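Enquirer: Heads up: the protein sequence lines correspond to chains W and U, in order.
Heads up: the first sequence at position 71 corresponds to 71 in the working numbering, and the numbers run straight through without jumps.
Heads up: the second sequence at position 211 corresponds to 211 in the working numbering, and the numbers run straight through without jumps.
Honestly, the hints are just simulated from the structure, not real lab data.
Nothing here was measured: the structure is a model prediction, and the numbers come from that model.
Every residue gets a Cβ at the ideal spot worked out from N, C-alpha and C, and that includes glycine.
Some clues are possibly wrong.
Covered by chain W, per the in silico footprint, the following chain U stretches (three or more residues, Cβ under 8 Å) [to be verified]:
id, segment
1, 159-170
2, 235-242
Facing chain W, according to a computed beta carbon distance under 10 Å, are these residues of chain U, among others [said to hold, decoys possible]:
id, residue
3, 1
4, 9
5, 125
6, 135
7, 138
8, 152
9, 231
10, 260
Here is how the chains run, residue by residue.
There are 2 protein chains.
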Amino acid sequence: MRHQHPFAGNPLDRGERERRDEAWIATAARAAESRFLPFRNLEVLLSDLPQPVLGWLDGDRVRAAAPDAEPMFLGLADGVAHFAVALPDCADADGVAGRKGWRFEDCRTAGGVLPGPDTGILAQARSNLDWHRRHGFCSACGQPTVAQRGGQVRRCTACDAQHFPRTDPVVITVVADPATDRCLLGQSRGRLSRMRMYSALAGFVDQGEAIEEAVAREVMEEAGIRVTNVRYHSSQPWPFPSSLMIGCLADAASTAIHFDDEEMSAVHWFERGEVLRALAGTSEALTVPGPIAIAHHLIKAWATRERF
Amino acid sequence: MRHQHPFAGNPLDRGERERRDEAWIATAARAAESRFLPFRNLEVLLSDLPQPVLGWLDGDRVRAAAPDAEPMFLGLADGVAHFAVALPDCADADGVAGRKGWRFEDCRTAGGVLPGPDTGILAQARSNLDWHRRHGFCSACGQPTVAQRGGQVRRCTACDAQHFPRTDPVVITVVADPATDRCLLGQSRGRLSRMRMYSALAGFVDQGEAIEEAVAREVMEEAGIRVTNVRYHSSQPWPFPSSLMIGCLADAASTAIHFDDEEMSAVHWFERGEVLRALAGTSEALTVPGPIAIAHHLIKAWATRERF
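Please model the entire structure based on the sequences and the hints provided.
Expert: Set out below in C-alpha cells:
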C-alpha cells in the first residue's frame, strides 16, 4: 500500500470463515489463550509501560470485571482469537488489568501514540462497539436485536431482519488552482475550533452519488467553487464513529469563493509557501491537521507536488 | 468526470440549504409546479411514449392516489422541487398517471433503458425510499422515528437520536496477472446464476479498513490470491439497496486459486482474447456483465489496456 495512514494497517485476519460458525465463536470466547481488548464508554484500555500499547487482557480478567459483557470477534493472529469488549462505565483501569500503569484513553488521542498496527485494530474495535451500542433494536420493527457472527451482524428477534455494521464513505479534497499555485482550505463550524486551523473540504457521500460527484457537490456547497480533474489519492478508516475517508485532489474551474456560513466559518486560498510552512509548523497564519488525519497527507501531496 | 457509469449523473441540485428549512419543504411539497416520482414496492413509475422516461407526476395526482404518502425531497431543477414518493402496493400505473402507457418497472431493468440523467435520479430516489422503509424505528431505543430535512434524516420521537441514510462502500476489483496476460474473474453464489457469467470480485468495505486493504482481503477471501499495486479506476452508485461501488484494478502477487466455496461457485484466470470476445458478446465460454455495471468497465479497462 503506497499511502498507509493511521487507523489502517490492522494485522488481524478477520476470520470470515470462522465467523459463520457460532459454536466456534463461543468456544473461542472461552478459550484461555484468547485475547480481549476492553473499552469503557468507547475509551480504549492502554498499557503505558514502557510505551503505549493496546491493553489486551485474558478472558478471566474480563469476565471478573464484567460477567455479562458480550465480546465481539475482531479476528485472528497466529491462530489466537482477538475480541473487543465493552466494560461498564464504573470499570477501573488498574483494577481490570490487575496491575498499575494502565488507563482508558480517548481513541483519537490513542491513535496518535500507538504503533501503526495497533491503530488499525483500534479503528475496527471502536467502530464495531459503537455500532452495537446504537443498534440494540431493529430499525424496521422496533424490537430487540441480537449479535451474531461474532458481531458482524445483528438479527431482529421478532422480524428476523439482518442489520450490518455501517461504514460511511466521506470525500475529502484538496482543490488546487494551477493558475495561481494556491490551494483551497476551510474551517468547518464546530469541528476546527482553533482560529488558524484550516483543512481540506470534506463531506459524506450521498445516496446515488459517485465519488467524483460527491467531491464536486461538497466543494460547491462549502466554497462555491467548481472543480474538474478529480483524482483519487488514498483512503483512511476514521473510527469516529465509522467513516471511510476517500482522499482526492482536484483542480479549480472557478476561483471566487462563496462559502456556506452555516456549515463553514471560513474558506480561503493559500499559497504554496504558506502551506509548506504550516506543514512544518512554522507558519504564523496557518495551522493544518497533523499526520494522524488524511487531510495532512493530501495537503502535503499538493504542497510537495507529489506524483501519484 | 472521466468515467461516468449508469446510476450516476443525477442533474438535480440536492438543495442542502433548502432542506434545513422544514417550512420550505412543506410549501414545496404542496406547490403546483413541484414534481413527484412515484414508486410502488420499490418499482419506479415509467412513461413509455415515445421512449422510456421517469414518470413524473404533479402533486394532485399523487395525493389522489395516496393521501397519506410522505414525499421525500430529491432536489431542485431550474428552481422546481422534485420529490420521490412511495405509493401503496395496490396502486395501478395508468390509474395513478391518469393516462395509458405507464408502468411500474423494476429499477435494475429501468437503469438499462432510461437516459443517463434519469438513472442518476432513480438511484438517489430508490436508495432513499428503501432506507425509509427499513428505518421507521430507532435502532438505539426501539421507538418510532420521523423523517426530517425532506428525508435526509430520521429523528427518534423518544430519545431524539438522529439517523442518516446509509451508503455502503463496496470494493470491486479486476486482478491482472501481468506475467501471463490473464485476469481473475469469479462467480458469486446466488448472484450470477447464468453458468458462463463471470465478474470482477467484490465485497463490502469493513469497519476500520482502507480501500486498498478491503481489496486485498476480498480477493484473498474469495480467490486465495495475493494482490499488489491496487489502483482506483472509477466509482458507481448502485441502488440495490444503496452501495457505492469503488472500482479498482490490481496486480496478482500469487496465481494459485483457492476459492471460498461458500461464497463463490467458481473463480478462474481468463486470457485477454477470451475477455475481449466476451465483451463483444461473441465468446462461447465466457459472459461478462453488461455496461450497466461498473464491472463491465473495469474488465474492459483491463482488456483494452486503458490508461488511467
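Enquirer: Each of the hints needs a verdict: does it hold here or not?
Expert: How the hints compare with the structure:
Closer than 8 Å: that is the beta-carbon criterion, and the segment 159-170 of chain U has 8 residues meeting it against chain W, so the requirement of 3 holds. Under a criterion of three residues with beta carbons nearer than 8 Å to beta carbons of chain W, the stated coverage of the segment 235-242 of chain U is upheld, 5 such residues being counted. With its C-beta approaching chain W no nearer than about 5 Å, residue 1 of chain U sits inside the 10 Å limit, and its interface hint holds. Among the interface hints, the one on residue 9 of chain U holds; its C-beta lies about 8 Å from the nearest C-beta in chain W, closer than the 10 Å criterion.
The restraint placing residue 125 of chain U at the interface with chain W holds, with a minimum CB-CB distance near 7 Å, inside the 10 Å limit. With a least beta-carbon distance of about 4 Å to chain W, the hint placing residue 135 of chain U at the interface is held under the 10 Å criterion. A cut of 10 Å between beta carbons decides the hint on residue 138 of chain U: the least distance to chain W is about 7 Å, and the hint holds. Taking 10 Å as the C-beta contact cut-off toward chain W, the hint placing residue 152 of chain U at the interface holds, the least distance being around 9 Å.
The interface hint given for residue 231 of chain U holds, since its Cβ lies 9 Å from the closest Cβ of chain W, which is under the 10 Å cut-off. Of the supplied interface hints, the one on residue 260 of chain U holds, with its beta-carbon coming within about 7 Å of a beta-carbon of chain W, less than 10 Å.
When the structure is compared with the earlier hints, no violation turns up for any of them.
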